[in-house]
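4 protein chains.
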Amino acid sequence: MLIVMHHSAQQREIEQVRAAVQAMGLRAEPIPGSERTAIGVLGNQGYVEDSTIRNLPGVREVIHVSKPYKLVSRDFHPESTLVTVGSVVIGAGKPTVVMAGPCSVESEEQMMASAAEVKQAGAHILRGGAFKPRTGPHSFQGLGVEGLKLLRQAGDAVNMPVVTEVMRIGQIDDVCRYADMLQIGARNMQNFDLLKEVGKLDHPVLLKRGMSATIEEFLAAAEYILAEGNQRLVLCERGIRTFERATRNTLDLSVVPLVRQLSHLPIIVDPSHATGVRSLVPVMSKAALVAGAHGLMIEVHHDPERALCDGAQSLDGPAFAQLMTELQGLQNFLSSTSVTMGM
Amino acid sequence: MLIVMHHSAQQREIEQVRAAVQAMGLRAEPIPGSERTAIGVLGNQGYVEDSTIRNLPGVREVIHVSKPYKLVSRDFHPESTLVTVGSVVIGAGKPTVVMAGPCSVESEEQMMASAAEVKQAGAHILRGGAFKPRTGPHSFQGLGVEGLKLLRQAGDAVNMPVVTEVMRIGQIDDVCRYADMLQIGARNMQNFDLLKEVGKLDHPVLLKRGMSATIEEFLAAAEYILAEGNQRLVLCERGIRTFERATRNTLDLSVVPLVRQLSHLPIIVDPSHATGVRSLVPVMSKAALVAGAHGLMIEVHHDPERALCDGAQSLDGPAFAQLMTELQGLQNFLSSTSVTMGM
Amino acid sequence: MLIVMHHSAQQREIEQVRAAVQAMGLRAEPIPGSERTAIGVLGNQGYVEDSTIRNLPGVREVIHVSKPYKLVSRDFHPESTLVTVGSVVIGAGKPTVVMAGPCSVESEEQMMASAAEVKQAGAHILRGGAFKPRTGPHSFQGLGVEGLKLLRQAGDAVNMPVVTEVMRIGQIDDVCRYADMLQIGARNMQNFDLLKEVGKLDHPVLLKRGMSATIEEFLAAAEYILAEGNQRLVLCERGIRTFERATRNTLDLSVVPLVRQLSHLPIIVDPSHATGVRSLVPVMSKAALVAGAHGLMIEVHHDPERALCDGAQSLDGPAFAQLMTELQGLQNFLSSTSVTMGM
Amino acid sequence: MLIVMHHSAQQREIEQVRAAVQAMGLRAEPIPGSERTAIGVLGNQGYVEDSTIRNLPGVREVIHVSKPYKLVSRDFHPESTLVTVGSVVIGAGKPTVVMAGPCSVESEEQMMASAAEVKQAGAHILRGGAFKPRTGPHSFQGLGVEGLKLLRQAGDAVNMPVVTEVMRIGQIDDVCRYADMLQIGARNMQNFDLLKEVGKLDHPVLLKRGMSATIEEFLAAAEYILAEGNQRLVLCERGIRTFERATRNTLDLSVVPLVRQLSHLPIIVDPSHATGVRSLVPVMSKAALVAGAHGLMIEVHHDPERALCDGAQSLDGPAFAQLMTELQGLQNFLSSTSVTMGM
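Residue numbers (the numbering used here), protein chains in the order written: chain E, 10 to 352; chain F, 10 to 352; chain Z, 10 to 352; chain L, 10 to 352.
If you are wondering where the hints come from, they were derived from the structure by calculation, not from laboratory data.
Heads up, some of the hints might be wrong.
The list treats identical chains as interchangeable, and a pair is accepted whether it falls inside one copy or across any two copies.
Said to hold, decoys possible - Quick list of in silico lysine-lysine cross-link-like pairs, DSSO-like style, CA-CA up to 30 Å:
#1 205 x 103
#2 209 x 158
#3 158 x 205
#4 103 x 128
Working from the sequences, and respecting the hints, build out all of it.
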């Protein structure tokens with residue numbers, strides 16, 4: 010931590026800050042400059058609460074050097090983590106994992122048809138929402154436990170592990186019973202109680218980045234899960250909120266190589282929610298692959314025009330099959346060359 | 010809903026859209042223009058899912074005219090709603106309500122001292138967090154139920170109703186037992202399950218705007234609560250996330266008169282979280298009052314330098330007392346003139 | 010400047026950084042910590058280019074303590090600056106200055122009518138655009154020099170100084186001939202050549218904050234003008250771009266007290282462009298006054314329904330007169346009390 | 010244009026709107042709905058100013074269907090435009106064009122060395138800034154005309170066309186004399202006078218997207234250039250400003266396929282400015298290629314540690330050569346397959 014004093018700070022104010030730092034059990038090292046004095050804080054084992062410092066007279070700014078996460082950091086855990094979901098392995102050095110399926114589980118027919126399509130096309134994990142977070146209460150809210158059962162049934166039919174969103178603590182048991190991987194949605198990225206609870210499980214978790222979460226906050230949210238003991242965590246970039254409205258969100262693809270540098274956890278990309286535009290999904294999927302994503306999550310519906318949610322961003326079966334072929338070709342090319350994709 | 014066709018859309022594509030609209034039980038009214046055709050959709054009772062339309066061939070854009078909320082809208086409920094918390098009334102035509110107290114409940118001494126200070130200064134409702142949402146898991150997380158009891162005890166000692174945050178469904182019973190008003194924090198604004206549960210209560214609720222929530226999404230979140238039957242809802246602007254970092258968030262004060270136009274619900278302002286800077290809190294409190302806020306929520310700590318959270322934005326007792334005097338004067342002036350403040 | 014090394018940085022990497030700092034004629038002071046080493050840089054006279062440091066092996070982050078501005082800073086110039094425009098004085102301790110008039114100069118009749126109205130209501134400076142920055146080339150672009158003449162004529166008729174926008178260097182002479190104050194628009198806040206040129210004048214300048222400019226960038230742009238010698242500068246907050254679209258921009262009112270702390274320059278607020286919504290202009294004008302704005306810039310049109318630009322955010326004469334009465338009352342109240350408004 | 014009336018709008022208000030529309034020479038078509046009436050406006054040849062409508066009594070919202078651009082739109086110009094710079098052709102179906110070189114021209118030695126390096130590695134166009142837009146006035150501002158000459162000389166020495174930024178109208182002649190392509194920087198994207206002037210030239214232009222420009226505004230800025238007659242325009246995505254600070258800007262890669270759908274103009278990507286982080290440049294270059302970019306602009310410095318600007322995001326020669334090899338391999342793969350990259 011670095012404490013920057015005002016240009017006009019008095020010596021006794023500097024002394025007062027030094028005393029406050031020492032009262033916290035830390036060392037203070039004044040660094041006099043030509044314009045102002047800064048005070049380096051030494052000896053902390055991690056992120057330090059700055060409340061007691063920030064408002065002392067003469068203090069202009071407090072700058073943190075330590076990050077609010079440690080367990081997720083590659084600094085302290087250099088080897089990349091691999092996460093296993095059923096028989097599928099996600100992470101560095103492994104083939105890109107594709108999670109595909111409809112936005113929401115709507116019916117047995119729909120799930121069986123979608124599951125068959127995505128399996129046939131080569132997807133690895135089946136997705137489908139049973140509990141749906143919707144902006145307004147008058148939209149379709151999902152089938153609930155009935156949806157979980159249909160998802161499980163469809164996954165079993167095609168021999169694929171399944172991933173689905175859990176929205177609240179009370180749903181965890183049901184979701185664990187029927188699903189192989191639990192998804193925490195973007196709106197719940199800072200639902201800390203939910204994070205703590207899934208952190209106590211042995212189930213793999215997929216944590217989506219919040220709509221306006223910085224990378225630092227994203228990794229700090231992941232820290233909640235690891236801090237409870239669950240290391241089976243996969244991160245997911247799904248677009249952030251910006252001023253641009255031509256796409257549903259703004260896909261922040263640079264986060265992929267950046268997270269790979271900062272953390273040992275795998276990171277995948279959801280181009281469907283990030284763009285919200287069907288015609289952009291295939292091309293951004295391929296770009297994500299090249300950017301180093303360890304996986305993709307893609308909305309596929311056997312009949313998008315009749316989808317109860319997110320039809321506008323869902324691929325139909327043939328479009329998804331075409332994309333899978335292209336992804337496979339691209340991946341073969343990447344692994345056949347010595348070029349360093351991702352990082 | 011208005012469906013805008015591509016410049017080059019064919020007549021049969023227009024017919025296909027019209028048929029799709031009719032299949033939804035609605036009427037389609039083509040409006041031919043010089044450059045392109047648009048199709049008006051009539052007969053809907055509210056917001057219409059556009060998935061089945063947006064991806065039909067020839068469709069360029071779907072524009073919604075209806076909003077994803079109705080119960081909170083002033084259009085359908087012209088009289089302003091008043092919300093009662095204990096003996097305090099919040100809403101149009103009533104004196105500004107000030108909720109004040111520390112960020113988090115830390116100890117009996119702290120709560121009793123802070124409560125005495127804010128009561129003495131003229132605050133109406135005592136605030137204090139027992140369950141704290143923190144970015145990282147290594148920060149102080151609040152005292153939990155013990156904190157609720159201390160908050161209640163302090164409120165009783167000074168005869169003030171108390172408000173505190175509820176972070177998850179499992180805490181609702183405890184919070185209702187000890188608090189007069191439940192706060193839903195910014196990070197939980199789209200925790201829809203939590204919204205539904207507090208919507209079933211008869212307790213008053215304070216709903217904070219999410220960090221990156223549009224006004225439309227904010228009101229749609231409020232709609233979740235009203236849709237379950239609870240009309241005792243107060244909204245709270247607490248700053249939004251933008252590119253600016255000189256303040257913790259960007260206080261969006263225009264939202265106050267705008268929400269007063271769009272909705273019948275009361276709206277208050279939290280300048281402490283919005284700015285994150287102690288020296289800005291008093292001036293922005295006064296600006297909020299003039300902007301038409303029905304209340305303020307202000308962090309006050311009897312000893313900010315020793316606060317376990319948010320000390321940097323907390324006022325101490327004397328500064329808060331000074332602010333209350335100024336707010337009272339300003340309010341007396343506003344009500345003594347015929348000028349139309351707020352709206 | 011503080012250089013933060015990686016957790017795993019080697020001693021020789023630390024030495025290499027120290028050598029690079031010394032090669033820049035500065036001192037390097039390593040601050041060893043429990044997790045990593047940081048290196049304080051001392052001896053710089055202002056902002057230091059970090060390119061040569063940032064990419065050295067082992068460097069994780071470079072943190073700047075100095076700001077890219079100095080002349081505009083209150084740190085080095087504690088007394089507030091007053092700016093005179095004609096006989097009007099803008100700045101701390103002076104009555105709020107109101108600049109009012111139409112978005113664009115359209116005709117002699119319009120300007121004479123608008124000028125009479127705003128003068129009658131008590132405005133101090135007449136505004137009107139002759140050169141108009143419009144998003145698309147097919148919108149009305151302003152009357153040019155002819156507009157300048159009409160603006161001057163109207164100002165003279167009512168005995169008010171006039172302010173108008175200059176969009177490019179080639180227009181400076183004409184604008185100086187006819188106007189008392191030059192406005193640099195938001196889109197030109199980082200048109201550095203234009204800033205330098207107006208910095209060489211003795212005319213007062215009004216610099217609007219760019220749509221996505223941080224406060225630091227805003228003050229650095231102001232530094233360009235002061236660095237060329239022109240001290241007659243007034244800043245103007247006019248809303249920033251965020252994700253919210255219910256208003257044209259998001260009025261960042263906290264910037265007013267913040268700029269008053271950081272800089273000695275006066276700052277005014279333009280609620281018309283900030284909100285883009287006529288019904289919000291009066292209330293936000295009053296809020297700006299209370300926030301400490303030294304002035305307001307308000308669009309007024311004698312017939313907004315026929316305005317060639319920005320009619321939707323323009324007040325008509327009676328509404329503006331009503332607002333001026335309210336502002337006067339509010340200001341009288343503020344100066345009659347001992348309360349510390351603004352700062 | 011669609012005019013949405015308030016729920017409670019009266020019949021006479023609807024009539025008044027209809028009359029106002031007709032007074033503009035357009036047709037008004039009321040569309041009564043269950044909750045409110047909307048009024049379709051027909052007969053306009055493009056974007057309509059809505060000021061005269063938006064504030065009529067009973068009007069709640071005005072929704073534009075037409076866009077503020079037409080000449081740049083693929084709707085009206087379906088064939089992709091190819092832009093020739095020297096002997097290099099940029100656009101659909103052509104090999105990716107790589108523009109490379111230092112951020113700023115610093116010296117003859119530097120330019121000759123950098124030019125030789127990028128030429129050797131296979132770049133097509135040499136870049137280098139002679140006029141530099143810098144946030145603060147105390148940073149290096151470029152060599153000016155002397156820099157232009159050095160750039161030209163270096164380009165001639167390696168037989169490459171050169172591109173450089175023009176910051177103001179007064180520089181156009183000089184830049185045209187020495188450079189093959191003029192760059193309009195992000196800060197000048199809405200410097201409309203500059204756009205108009207370069208629109209009158211026959212020189213090719215590279216227009217960078219503004220930091221907070223929507224795609225619609227970006228294309229409307231391009232419209233200024235085409236409207237003056239210059240069709241030789243290439244667009245460039247260089248990152249937008251968001252709340253995220255881990256990267257210098259947020260690279261909005263989805264804009265590439267989106268612009269390819271909306272416009273016939275070529276679009277390239279600048280990963281150096283978009284990320285601001287050297288280690289992210291190669292991977293995001295490859296992602297941009299896969300996203301369909303017609304070209305890349307990459308900062309390369311023969312000695313980044315000594316660069317006077319943007320050293321932190323510049324590749325050195327060997328890293329650039331390695332990237333070019335990888336890009337070539339990737340491009341060969343893409344063109345050898347039948348897969349549809351980009352669109």
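These are the hints, each one checked on the structure:
{"no.": "1", "hint": "205 x 103", "in the structure": "within (28 Å within a copy, 42 Å between copies)"}
{"no.": "2", "hint": "209 x 158", "in the structure": "both (24 Å within a copy, 28 Å between copies)"}
{"no.": "3", "hint": "158 x 205", "in the structure": "both (25 Å within a copy, 24 Å between copies)"}
{"no.": "4", "hint": "103 x 128", "in the structure": "within (19 Å within a copy, 36 Å between copies)"}
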